[in-house]
Structure formats: C-alpha cells, structure tokens
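Undergrad: Next come the chains, spelled out residue by residue.
Number of protein chains: 2
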Amino acid sequence: MSAHAHRELTKNQALVFGSLSDAGGPLTAYAILDLLREDGFRAPLQVYRALDKLVEFGMVHRLESLNAFVACSHKDCTGHGSAAFAICEKCGDVREFTPDDAVGLLKNWTESQGFALARTTIELRGTCKGCVASG
Amino acid sequence: MSAHAHRELTKNQALVFGSLSDAGGPLTAYAILDLLREDGFRAPLQVYRALDKLVEFGMVHRLESLNAFVACSHKDCTGHGSAAFAICEKCGDVREFTPDDAVGLLKNWTESQGFALARTTIELRGTCKGCVASG
DNA sequence: CTGTTTATGTTATGTTGTAACACAGATAGC
DNA sequence: GCTATCTGTGTTACAACATAACATAAACAG
Ligand SMILES: [Zn+2]
Ligand SMILES: [Zn+2]
Ligand SMILES: [Zn+2]
Ligand SMILES: [Zn+2]
Chain R
1 MSAHAHRELT KNQALVFGSL SDAGGPLTAY AILDLLREDG FRAPLQVYRA
51 LDKLVEFGMV HRLESLNAFV ACSHKDCTGH GSAAFAICEK CGDVREFTPD
101 DAVGLLKNWT ESQGFALART TIELRGTCKG CVASG
Chain A
1 MSAHAHRELT KNQALVFGSL SDAGGPLTAY AILDLLREDG FRAPLQVYRA
51 LDKLVEFGMV HRLESLNAFV ACSHKDCTGH GSAAFAICEK CGDVREFTPD
101 DAVGLLKNWT ESQGFALART TIELRGTCKG CVASG
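Taken in order, these protein sequences are the chains called R and A. Okay, so the first sequence: first residue is 1 according to the UniProt record's numbering, each after it adds one. Okay, so the second sequence: first residue is 1 according to the UniProt record's numbering, each after it adds one.
None of the hints are false.
The list treats identical chains as interchangeable, and a pair is accepted whether it falls inside one copy or across any two copies.
Simulated pairs of lysine to any residue, SDA-like, Cα-Cα distance not exceeding 25 Å: (1) Lys129 - Glu111; (2) Lys90 - Gly104; (3) Lys107 - Gly130; (4) Lys90 - Asn67; (5) Lys75 - Ala31; (6) Lys11 - Thr78; (7) Lys107 - Arg125; (8) Lys53 - Ser82; (9) Lys107 - Arg119.
Rather than coming from a laboratory, the hints here were simulated on the basis of the structure.
Construct the complete structure from the given sequences, taking the supplied hints into account.
TA: Structure representation (structure tokens):
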C-alpha cells in the first residue's frame, strides 16, 4: 500500500489501488481480480467499478494499448495534466511522464480545428535503456 | 473501394480494406466480419489476419482506445510518420493528422532517457467542431 | 424515518482477440 | 517432374477483456 491517504477510498477501491501500488507496474483487471480473491473478490465488476473511480480520481491511469491499469507515479496524486507512457516491449516496464510541450502543440492543432479536447492518450512503444544495453 | 492499387493485396486483404475504405470511418474487427459474411467470411481470424497485414503495410491504423481500425486517410499510402487521431465522442468522427512537431518533442524525451522508440499511439478524445456548434 | 445516493454482491452475457490444426497454391531448387 | 518451403486460407475451439441486469446494504439529507 502507499500514499493518497488524503482521499477516503472505499474498501474495494483501497484494495484495488493497493494491488496496483504494490505491483509497481501495470496490471490487467483480471490480474487484479486474481490477486484480490483472498480478500473476497469474486467478480470482474468489483475490480472494474473500483478502477473507474480511481481513474476518475486521477490516481490510476489506463493503458489503452495494453488493456491494463497502472497507479499514478506521483505521490499523493489527485490528478495532473496529460500523462504519457513509455512502454518497453522487452521487459514490460512503464515510465510515466508529462510532456506538456508536446501536448501543447497537439492542443494547438485541435484548437485550430475547432475540436474541443477532453483528454489525451499518448503511449510510446519501444525498448527501454536497460533492455537496449542488454540486448 | 479505392486507391492503394500499387500493392497486390490478397483476396481477403482487399475485401477487408474495401470495407474500411467504404465505411469512411473506424470499424471493429467483428463489424468487418459481419459486413463480409456475404463474401464468405465465417471467422474472426479471417479479419484479424488481413488487418495485421494491412496495418503492417501502413494502409490501416489501429485505434487503441476504440478497439477499432480505420483506413489511412492518405491516398495510395504505403506508410508514413507517426499519425495521431482526433476522435469525436459525440458523433464518432475520426480525423487523422501527422503532428511531426509534437512527435519530435516526444522523441527528444525518449532519446534523453535512452529509450528506443518504435512506434507511437496518440489519440485525442473530445468534441468535433460540428458537434460543438450543434450542442 | 423515508427517499435518495452510493457502494456492493452475483449471475449471466457480450465483445475482442488467439491457439491449434488442416489444407491449398505458389515457387524455388534439385 | 517432384519435393521443400513459404504464404494464405478455413475451421473449431477457446482465452481475455468488459458490461447488463438485478438484488442488497450502508450512508445521509430532508
Ligand atoms: Zn499520473
Ligand atoms: Zn525493458
Ligand atoms: Zn495514415
Ligand atoms: Zn462530432
């Protein structure tokens, strides 16, 4: 478990967030379900409902290209600007960062088109430094 | 049907690409399957195998946040730099563009981290100009 | 204390994507 | 010609991801 104690999570939300924090990396909803069976979880909806709230709170991010979820890398995070993720295809490591400059340029484009931007998905696939070195 | 005639597609590849071109927007694999049943398609693998090749050729893009596929908006396209997509959540319209400037900044970040970038997923969700006006 | 909201539990179902195996056609080498 | 190999195809079965529908319970405002 860790951080984010300032928000009162429900029991299920706390269990799901704890799983993701402990994992230190992305987990699928069904992987979380298996981790939490000993805590009484029985059905995928228990996980998905908690994840929906945690994503809404900004404490968890969804990785669209992995169909997985990851705890925000910021301590005591209650939400921040558009995040991006560098995903290593060798080792599965995920690094979160906040490319405000690139997002600004994307936002410029949407504004020039009259498109009202609500949220962004930016996921970079490749090979991390460690895996490049070892492979 | 349309364009891309310079590449020799197999029968199934041509049928799948034709469906996507005719649709003028994103389709899920199963939607394509239903469209092609009258052409003899019976199983999802027939669609997925064709889509894999079309994506490899750069003629079709996968939209991760929709679990859907869309024909490249460029005529006679055999592949191009990193594409991005603005997806209207009201009407479902998808606009493809190529934000070289923003991708350059993202690439700068990956290089500073020793991350070998292979490909990008950039999907912007929001409301298109027409839907903003009418809503 | 009653109507409303939020969270939860449970069953069943819907949607998206692959594994495994069999077969057909092209084609390159002998 | 006749194999070996590669690519594309067809089919069944299954795995993985996500939600609908309905019931119950706790929290809380009027
Ligand atoms: Zn974050
Ligand atoms: Zn790695
Ligand atoms: Zn394109
Ligand atoms: Zn629209």
